[in-house]
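*Asks:* So the chains spell out like this:
There are 4 protein chains.
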Amino acid sequence: MLRIGVLGAGRIGKIHAANAAAHPRAKLVAVFDVDQAAAQALAASAAAEVRSREAIIDGSDIDAVLICTPTDTHCDLIEAAMKAGKAVFSEKPVDLSAARVRTCLEIVARAGRPLMIGFNRRFDPSFATVERRVRAGEVGAVELVTIISKDPGPPPLSYIARSGGLFRDMMIHDLDMARFLLGEEPVEIFAHASNLVDPGIGQAGDVDTAVVTMKTASGKIAHIANSRRATYGYDQRIEVHGSDGLLRAGNKTQTSVEAGTKAGFATDPALPFFLERYEMAYRLELDAFITAIESGRAPSPDGEDGLKALVLADAATESASSGKPVKI
Amino acid sequence: MLRIGVLGAGRIGKIHAANAAAHPRAKLVAVFDVDQAAAQALAASAAAEVRSREAIIDGSDIDAVLICTPTDTHCDLIEAAMKAGKAVFSEKPVDLSAARVRTCLEIVARAGRPLMIGFNRRFDPSFATVERRVRAGEVGAVELVTIISKDPGPPPLSYIARSGGLFRDMMIHDLDMARFLLGEEPVEIFAHASNLVDPGIGQAGDVDTAVVTMKTASGKIAHIANSRRATYGYDQRIEVHGSDGLLRAGNKTQTSVEAGTKAGFATDPALPFFLERYEMAYRLELDAFITAIESGRAPSPDGEDGLKALVLADAATESASSGKPVKI
Amino acid sequence: MLRIGVLGAGRIGKIHAANAAAHPRAKLVAVFDVDQAAAQALAASAAAEVRSREAIIDGSDIDAVLICTPTDTHCDLIEAAMKAGKAVFSEKPVDLSAARVRTCLEIVARAGRPLMIGFNRRFDPSFATVERRVRAGEVGAVELVTIISKDPGPPPLSYIARSGGLFRDMMIHDLDMARFLLGEEPVEIFAHASNLVDPGIGQAGDVDTAVVTMKTASGKIAHIANSRRATYGYDQRIEVHGSDGLLRAGNKTQTSVEAGTKAGFATDPALPFFLERYEMAYRLELDAFITAIESGRAPSPDGEDGLKALVLADAATESASSGKPVKI
Amino acid sequence: MLRIGVLGAGRIGKIHAANAAAHPRAKLVAVFDVDQAAAQALAASAAAEVRSREAIIDGSDIDAVLICTPTDTHCDLIEAAMKAGKAVFSEKPVDLSAARVRTCLEIVARAGRPLMIGFNRRFDPSFATVERRVRAGEVGAVELVTIISKDPGPPPLSYIARSGGLFRDMMIHDLDMARFLLGEEPVEIFAHASNLVDPGIGQAGDVDTAVVTMKTASGKIAHIANSRRATYGYDQRIEVHGSDGLLRAGNKTQTSVEAGTKAGFATDPALPFFLERYEMAYRLELDAFITAIESGRAPSPDGEDGLKALVLADAATESASSGKPVKI
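Residue numbers (the working numbering), protein chains in the order written: chain A, 2 to 329; chain B, 2 to 329; chain C, 2 to 329; chain D, 2 to 329.
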């Protein structure tokens, strides 16, 4: 029974706390949030205690800490939990500064405790299946990776301001997915980005529509299209083109219902957003973390994966700004 | 070069005449219609002559006759053309009376000239592929055949009156398709039929919605659903369920365009009606006729197929009327 | 908090017990099974007690009883639980004898406590959506209902022997679904049935492949195809054809992955069987039961629904045996 | 009746000659090819004459010339035909040199005769429908265009050597399609390109795998993925993402057949190559040319479209070579 404490009782903290509470080989011991009421509500719903941050990190009855707090607290909390000997799962991004992440990872390395980063999409059953079958050689040599990833609508401008920008906040998932699927590191990245969805996003210094193309040393190419708007649901699609064929995974819908009328045939929109689309991915992600800790194997994706995706996001941000390709 | 004469310049005559004119190994020599203007127009469009029925049937410069006239003239014309030594293609049904068809087929047998009946759906590329793959053993032993076949809307009541009824006019195609796919003759048939689409159809003594189920001696089952109404286009689907799997063929659409909006994803309706849905089937059907004549092989489907489908349609009509299953 | 006792710790009892335990407004108090070890295992996994049948039915700390025992015990247990004032959820079929069901429902009526029958498919999100949209008038007047329902493979012959036969054991779900979708009672039924999948099934006096067609007083027609074999997964599809269009719901797959190779494009098979296909339906079904009890509304489907589906299954069995249509 | 002469009796010349011969308002008068036998064969199949290049260009019985000869002869022939007062349809690319195209277009402008360039994909029913619906405002403001375009396999190395390279030979179609769908000119282009399919292509100085991203002045982004290899057929897909939704068009298959087995559900591969995929597009393209000439309206796409696609292809070639984005 892995004894778990959760830091952060917001949207994502609730998901992980519920999954921890429901996991047959884990026990949710305690939760923390700066918002006491949120912590109370979450604890009550999952038969756990409310504790202070420190009491969770240092608790002798806690084996693993799930960090679901705001991004700028991740590194401090990872380091504290590492020093307390805990296994750590942290939400992405590790931090908005690659330098800060590097310092943090050094401390992680010294602590020698497991760290897993929440790139949840790697655990989506469809995406994970594509990766597994690609690695099994089903498409031969990978040549091209296509990712289309659009949010249903833009977040509040207040969120945009402290998000680190589209590349570090949103595309970082797709950059990780591209690394996951390519099986080789990109060495160059180029970005075209625009402000088309909401002028406020542009006024906040960010973009809302972007296409990135990346190339690996051996010449594999990945391209990613992002938008903060998709009226037809949360658009999440990947394709891996190889010498022997194609593997792709498309959107999911709520039902398999199809209507036929004079206008044609109509199906559901794509699932609305990440809570619905990646519900199973979050469950499998936590299961992978728990299983890794139990078995003594290093969890994946780890801190290096967190760093590498951030480095790509930084480079994409630079390219969009300078108008030039950036070497990694 | 097979020299062809076409009897009947209506909707279906035009299709066959155009296909004959365009066929690389055939020549459309002459056309006939009781409506002189229609015959003129068709002849002009295909660089053919207008001739009398007799001049076509007896023409020494004509090898094959395509009979596209009203149903009640089919048998007389088949017999006349046979006696004149012509190869004959006749539209379905051969006649509305099985007894009349039997007499006709005796004359055909004596004449020894090839007769092909226009069950065009056997030549639809998708349906033909299903049948070919079923015969090749891909689904193992056939167990169940499902056919859904709905017209986009009812024909004029004037047509209904002389049509022979839904089973002989419309379902006869599906009854032939069931035989084609089962690979074994049905020995019993049961029909449930209703008048739901247009009260006028009921007043004319006909039905517009029907489900038939048939069983073969070895226990294979086929069921067919028919309706004179489908708002979403011409609904034409088949499924063959076997011990090793399923083969099915669905509807076709004009384009592959898909629209994503708040309401979901939308595609085209099914192709509107038989001219569009079976355009290629008509071309391949005539090609099969021409190829059979050239090679001296018996064309298929033949008169016996025409008779057997009619016998099933008669039995379905009787079952719908008596409320009892009918042995074939 | 609805306090629940579960009778039967087999395959289906485990599902309902787990759903009860996980439901936010229910508490799983106790479980029973004649197999003590099975009861212990289930109780342990859900933090519930093991009790005798009587101790659950009469327990003052239990509000509702879920009956998941063998079919021939359902009526006795429903009656006992009713007399003890409990709300009852019973798995289908209520009994294999319609007479026995009628007696039971009289006792239920006198007890005046809620009874819900486990026609789980009504709660499948896709099927429920089709029904809701049909009732909302989206396809206009219902004309035709098509149901294709195939198990992935036959059950053990020992199961077949005591199953009541394909119509009462398997098709009863589809007969209920036909009633659910038609919105009107069938008045006549005809069945074609065969033994094609396993000769042992025939030797046990049962069939494994069947097509049923039913008609309502107003002329609506429903047809159902059943087979005990489908190599490509659990085949569960419905279609409702109406005057204004079509609503249908198809199979579900594990992932959205599609592979493109020389052979074409390939997707997953259908979900393997009912545990996977109807996982969400079972959850929503129990939620509907709990919500009905809480709100004081009668649960649906109820005992009458259980009886009516059984009457149809009896009639289908008789038709398959006599070769004649049967009036309901 | 538009009287047509065809220059070039190769693969594409045959298509246009056959379509001209079959067009109800055109007459194929004469064909030319340096390969006399090829010209004879084509003329015979379409009941046309064989003539010299000059006799066609200057023929008083010829209204329009279709130029289907090798790329390096296009401009000379366009100019000659223009001077002879003919309407001209020329295959793409107009030339591999933008400077040469500009000179040619000056002569076209002076001649004042219609010139249409063979970007056949604009006439594909699915792609044309997407464009029409985008222009009608169905997706709101265009934000993002995604094009995936892969040949089934690489052409012979001899062809590669004189092709002008992937961007001018293959992607030029997609660059034109991007312009067509964006409705606004790209002002910057960046290309990542690799040699992954066939080392011989790299030795010939060309690439076989490429991703291009382009941006317009208002910030719209288009990205294109090209590969000379797709084992699953000719992969031709477009997507237009706008403020109000998505319109996309996918691949087409030979049949609608689907097979269900233990392995899952399988459909046909994509249509094999351009002759099959764009058969209808070629017919509609020639019809558009003929209709434009008849009506006195300027045909589209015209010489400017040919030039602009070439300028983009040149810029992509430069970007792939320099590693920098290129302003248009």
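Source of the hints: derived by calculation from the structure; they are not laboratory data. You may find that some hints are simply not true.
In this list, chains with the same sequence are indistinguishable; a pair is considered to hold if it fits within one copy or across any two.
Straight-line alpha carbon distances no greater than 20 Å define the calculated EDC-like cross-link-like pairs of lysine to aspartate or glutamate that follow [to be verified]:
no., residue 1, residue 2
1, K325, E189
2, K84, D152
3, K253, E280
4, K28, D59
5, K15, E139
6, K263, D245
7, K84, D64
8, K28, E107
9, K263, E277
10, K328, D64
11, K253, E189
12, K325, E132
13, K309, D170
14, K325, E305
15, K84, E50
16, K253, E277
17, K28, E55
18, K253, E50
19, K15, D36
20, K84, E319
*Asks:* Against each hint, give a clear statement of whether it holds in the structure.
*Replies:* Hint by hint, here is what the structure shows:
1. K325 x E189: both (10 Å within a copy, 11 Å between copies)
2. K84 x D152: Classified as neither; 37 Å inside a copy, 55 Å across copies.
3. K253 x E280: So K253 and E280 pass the 20 Å test inside a copy (12 Å) and across (17 Å) alike.
4. K28 x D59: within (17 Å within a copy, 34 Å between copies)
5. K15 x E139: neither (38 Å within a copy, 38 Å between copies)
6. K263 x D245: between (40 Å within a copy, 8 Å between copies)
7. K84 x D64: within (13 Å within a copy, 50 Å between copies)
8. K28 x E107: neither (29 Å within a copy, 47 Å between copies)
9. K263 x E277: Between copies only: 16 Å across chains, 31 Å inside a chain, cut-off 20 Å.
10. K328 x D64: Neither, since 40 Å and 56 Å both go past 20 Å.
11. K253 x E189: neither (32 Å within a copy, 35 Å between copies)
12. K325 x E132: Cα proximity of K325 and E132: none, with 31 Å in one copy and 31 Å across.
13. K309 x D170: Only inside one copy: K309 and D170 sit 14 Å apart there, 37 Å across copies, limit 20 Å.
14. K325 x E305: Classified as neither: same-chain Cα gap 26 Å, cross-chain 29 Å, threshold 20 Å.
15. K84 x E50: For K84 and E50, neither the intra-copy (23 Å) nor the inter-copy (42 Å) Cα distance is at most 20 Å.
16. K253 x E277: both (10 Å within a copy, 17 Å between copies)
17. K28 x E55: Cα proximity of K28 and E55: one copy only (19 Å, versus 34 Å across).
18. K253 x E50: Neither: 36 Å inside a chain and 40 Å across chains, both beyond 20 Å.
19. K15 x D36: within (13 Å within a copy, 38 Å between copies)
20. K84 x E319: neither (34 Å within a copy, 53 Å between copies)
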